[in-house]
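Novice: Residue-level listing of the chains:
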Amino acid sequence: MFHIYCPYCEEHREEEEFHAKGQAHIARPADPEACSDEQWGDYLFFRDNPRGIHHELWVHAVGCRKFFNITRNTVSYEILETYKMGERPRFTAEHPEGKPAETVAAEKVADEADMVERQEGVKA
Amino acid sequence: MSQSSNQPNRLGEGGRIDRARTLSFTFNGKRYQGHAGDILASALLANGVDIVNRSFKYSRPRGIVAAGAEEPNALVQLGSTEAAQVPNVRATQQALFEGLTAQSTNGWPNVQRDVMSLVGKLGGRFMPPGFYYKTFMAPASMWMTYEKYIRKGAGLGRSPMERDPDSYDHLNQHCDLLVIGAGPAGLAAALTAARGGARVILCDEQEEMGGSLLDSRELLDHQPAARWAEQVVAELAGRDNVTLLARTTANGYHDHHFVTLHERRTEHLGETAPTVNGYRPARSRMHRVRAGQVVLATGAHERPLVYAGNDVPGNLVAGAVSTYIRRFGVVPGEKLVLSVSNDHAYRAALDWDEAGREVVAIVDARLAPDGDLVEQARARGIRIIEGAAVLEAKGSTRVSGARVATIDAEAFTVTGQAETLACDTIASSGGYSPVIHLASHTGARPTWNDEILGFVPSLVKGVHAAGSARGMHDLAKGLADGVAKACEALSALGLSADAITLPQVDAIREGSGCALYQVPHEKPTLRAPKQFVDLQNDVTSAAIELATREGFESIEHVKRYTAMGFGTDQGKLGNINGMAIAARCLGKSIPEVGTTVFRPNYTPVTFGAIVGRHCRELFDPERYTALHQWHVENGAEFEEVGQWKRPWYFPKTVNGKQESLDEAVARECLAVREKVGILDASTLGKIDIQGPDAREFLGRIYTNKWAKLAPGRARYGLMCKDDGMLMDDGTTSCLAENHFLMTTTTGGAAGVMEWLELWHQTEWPELDVTFTSVTDHWATMTVTGPEARKLLAEITDIDLDRDAFTFMDWREGKVADVPARVFRISFTGELAYEINVQANYAMHVWKTLFAHGEKYGLTPYGTETMHVLRAEKGFIIAGQDTDGSVTPEDLGMQWAVGYDKPNSWVGKRALSRSDTRRADRKQLVGLRPKDPKVVLEEGAQIVFDPDHAIPMPMVGHVTSSYYSPTLGSGFALAVVKGGQSRMGETVYLPMADGKTHAAEIVGTIFVDPKGERQNV
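Protein sequence lines, in the order shown, are assigned to chains A and B.
Take the first sequence: its letters are residues 1 to 124, numbered as in the UniProt record's numbering.
Take the second sequence: its letters are residues 1 to 1016, numbered as in the UniProt record's numbering.
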């Protein structure tokens, strides 16, 4: 049974409190109608099954109800990090030891700008 | 030394037993005596009981072989009463208590004379691996019959047939360091961490903590090693930061240092938990430990040698002989032959000699052994035969002699003439296998170590093996390793501990051992007398050789073909020997052959401990509505919907006879259609949705339009997954401009809630909207039928005028003087009002309705009637009429799909995929059986042509089917390929009983197709 750190509750809790929701970072195409059947099928049905580092979407179902992501090694089951929705992983297949600090900082700036843009989109 | 009078093998002194306390026990119906501090195995050996069981496959007589968890033979059935039965208890792990009653697990009519042994004697050579599969394979339909008799013949214990009088607990534990095993390394590790201030749990499976120290010949600080163990245990027991768990087996190592410990709290006191001060403690506890770091100090199991006749009672592993003598004051025989490949096992001969009994010879596979223990044996004049091994044990129910000869272990040949030594006991040792089971549970593959001739554990982060568990068998090194591993573990946690001062060990010099697993015989393995590898599963060296000849090369396949390492044993004594034999046969090395995977549990765990308190009324939570008590008092039969208990129907007693389901449902249906009925619909999922973007969110998550739904109005909505398949449905009402109340199916409530959160949190975080489950806050009462308006009007201030309060409106007001929301929504097709009140007012409102309802014929109805009424109207139930492969269009519900909505709502794109546009998709239709008396079976398969050759193409199935008292006939909903364009056609339903029903495809609405009744 996993021991999972909820990045919102900021505590380790037992796996019983969480539900696994599959691969993380599956972006829904912004304009579904512009997709070909094949592109839409890829989004709907195709998922990775890596040996090693994998990013997974989980929800703290009987806790804070927040969705968040886990970077997990599918061989050792070690959880390398958990991070909030909208954030990016520090540990990836390209950076199994963790991304350099300056990369992390640059990504954060970009993500914040993106969120501002989305909120303005709703107002408009 | 002298003997105890009625226990022929009990020494007059020595051991850690209390001779002043004599305990009586019964084994296979005969009474014996032992002492406090005995285990059942030591008490049986003290009494000279040779045969404790019959073997699993060949029914050969078997005796005690080992002294701990690795014992393969001495499985007993405990219990003097039916309720107290416990199967498959190892006699080596059961403390003796007054009145203990045990029986051999196998053996019919008894272990001394066993009918099945005929199979072993006559049929033995005809029972190769795969015997049962090969012999009983045809015809397949007879397998169930064969299996019944095979199981009776083979069997491994039986479950009690009466209710268990005991209780069991689960405990969740947290600690910095969990130390598993309280031998030298474990005690040193625990003491180090404890003095360093860490929170420590130390567990050990034996009756007493100390492990090998309890029967060691070595001295610590010039005292017997057991004394040091006692001192350490006493110190640990006095510390607040230490939890000591004796009689506690670590059975499973799960992810992230989650370890399950099974603590047996009363099994050493009696067969059921004794009453203490009027209170009966839990018999055992399952500790669910989440540890920061773990030290595995699980020690090692001695490997017996594999030689012919090595299963005859009187064959033991060498270390067990020492344990019985030194810990229990029991010598399990008169004349010993010891066959070894290493120095350490010489202890058995020295202990035997000191007990005053005859050591006939030590047969050592090595040439010129020269360690301290060897020299001691020589000095005592014990005969040592070098470069030799016991080839064969003679005797049938007890060892009578040992055939010994020189061998060439490398070449696997017998080099000399065999000599027969008269003896009654043969002890053997082929080395020591670290107990790697728990480390193996983590998924880490162990690695072979040539120096110690054993597998050592590979470890995941945070797990540390110490001492013998990683092949460090030397006492001084093992103690130091325990200290070092505790320090490493604590520093990984950011804690620290100082190394403790270890006791001085009077070193015993041991020479190195040689590799010997299977002893060669003059005859080839397949013709030699049976050499057992796995005693519990009756797997022989010949079986393994045969398996490799038949092409099984992977050790995992050899395991499954021969059953080696199966059962409760999990290969503790036999696996390494079996791998060595497979390696020899395949011409490979042991590491090339590899090891099998050990799985939890390490030793069997009683179901009671696994279940804990989660049984009977606490097995699963039950959810009751606020009206539950009324339903109970009014005789409702209940249906389980998820965890909810819902009234299924309300049978009345008519002329002293209770109505059947069909009779009650017919009455309830007609009451709704003709007068007025009432349903407790409180279990429907209710989600309160608020925020400036609530309306936008609904438009994206539902298939239909929400932009113009005004406050005071409600709308039915369909929810699809992004693959276009329906997942749930329900009505959502606009409470205010930025405030909605969504209802879901009873079973779908939690899933829909998570679904909304998923889309909001992952795809549309920019939408300002929140979701709150209010299912339990509101009770819902559906009042429906032609008289519903008149009844409700009597107790509400809401204007119920048909034009003021129209279909799909909702109004706020008072009902029975309490605040209520009333929704004019109908799931029956009749005039209907869904009254929602705060849950704690529900009983008052319900009773008020009944007080006013009698004159209108108000009838309570349950879920069954609800189903009939809704199906008559063609209203679907998501999850019954749909199964995750049905689109809104398949249901003929295009009217609830907003194709022209501005946003791409969830599921829209998939509805134009080629697959969702196929004309031959299964579509929802109505079925009217040609014979009106027939009620089709739900799930029945549908075919177009009943005369088609088998297999017939199946074109759909029945999803809902009932008898309609309104129609006076059976009717059904079904999905049929291309069904919506096949109206009026006849389909067929071939049934398992050979009958074939015919039915006509019709529309899905059977009653009031124009929907006039709900609009009155």
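Calculated directly from the structure, the hints in this document are not laboratory data.
Please note that a few of the clues may not be correct.
[What the hints assert, rightly or not] With a Cα cut of at most 30 Å, we get these calculated DSSO-like pairs of lysine-lysine:
1. 84/A with 461/B
2. 873/B with 995/B
3. 675/B with 721/B
4. 21/A with 1010/B
5. 66/A with 705/B
[Claimed, not checked] DEER-style ranges, computed between Cβ atoms:
6. 512/B with 73/A: 48 to 58 Å
7. 74/A with 954/B: 32 to 42 Å
8. 491/B with 21/A: 35 to 45 Å
9. 643/B with 21/A: 47 to 57 Å
10. 109/A with 643/B: 43 to 53 Å
11. 949/B with 63/A: 36 to 46 Å
12. 817/B with 33/A: 45 to 55 Å
13. 73/A with 819/B: 52 to 62 Å
14. 817/B with 21/A: 52 to 62 Å
15. 512/B with 104/A: 47 to 57 Å
16. 106/A with 512/B: 20 to 30 Å
17. 227/B with 104/A: 30 to 40 Å
Quick reminder that beta carbons are idealized off the backbone N, C-alpha and C, glycines included.
Novice: It remains to establish, for every hint, whether it holds in the given structure.
Specialist: Evaluated hints:
{"no.": "1", "hint": "84/A with 461/B", "in the structure": "holds (25 Å)"}
{"no.": "2", "hint": "873/B with 995/B", "in the structure": "holds (29 Å)"}
{"no.": "3", "hint": "675/B with 721/B", "in the structure": "violated (40 Å)"}
{"no.": "4", "hint": "21/A with 1010/B", "in the structure": "violated (43 Å)"}
{"no.": "5", "hint": "66/A with 705/B", "in the structure": "holds (28 Å)"}
{"no.": "6", "hint": "512/B with 73/A: 48 to 58 Å", "in the structure": "violated (39 Å)"}
{"no.": "7", "hint": "74/A with 954/B: 32 to 42 Å", "in the structure": "holds (39 Å)"}
{"no.": "8", "hint": "491/B with 21/A: 35 to 45 Å", "in the structure": "holds (37 Å)"}
{"no.": "9", "hint": "643/B with 21/A: 47 to 57 Å", "in the structure": "violated (22 Å)"}
{"no.": "10", "hint": "109/A with 643/B: 43 to 53 Å", "in the structure": "holds (47 Å)"}
{"no.": "11", "hint": "949/B with 63/A: 36 to 46 Å", "in the structure": "violated (57 Å)"}
{"no.": "12", "hint": "817/B with 33/A: 45 to 55 Å", "in the structure": "holds (53 Å)"}
{"no.": "13", "hint": "73/A with 819/B: 52 to 62 Å", "in the structure": "holds (55 Å)"}
{"no.": "14", "hint": "817/B with 21/A: 52 to 62 Å", "in the structure": "violated (46 Å)"}
{"no.": "15", "hint": "512/B with 104/A: 47 to 57 Å", "in the structure": "holds (54 Å)"}
{"no.": "16", "hint": "106/A with 512/B: 20 to 30 Å", "in the structure": "violated (60 Å)"}
{"no.": "17", "hint": "227/B with 104/A: 30 to 40 Å", "in the structure": "violated (58 Å)"}
When the structure is compared with the earlier hints, violations turn up for hints 3, 4, 6, 9, 11, 14, 16, 17 and for no others.
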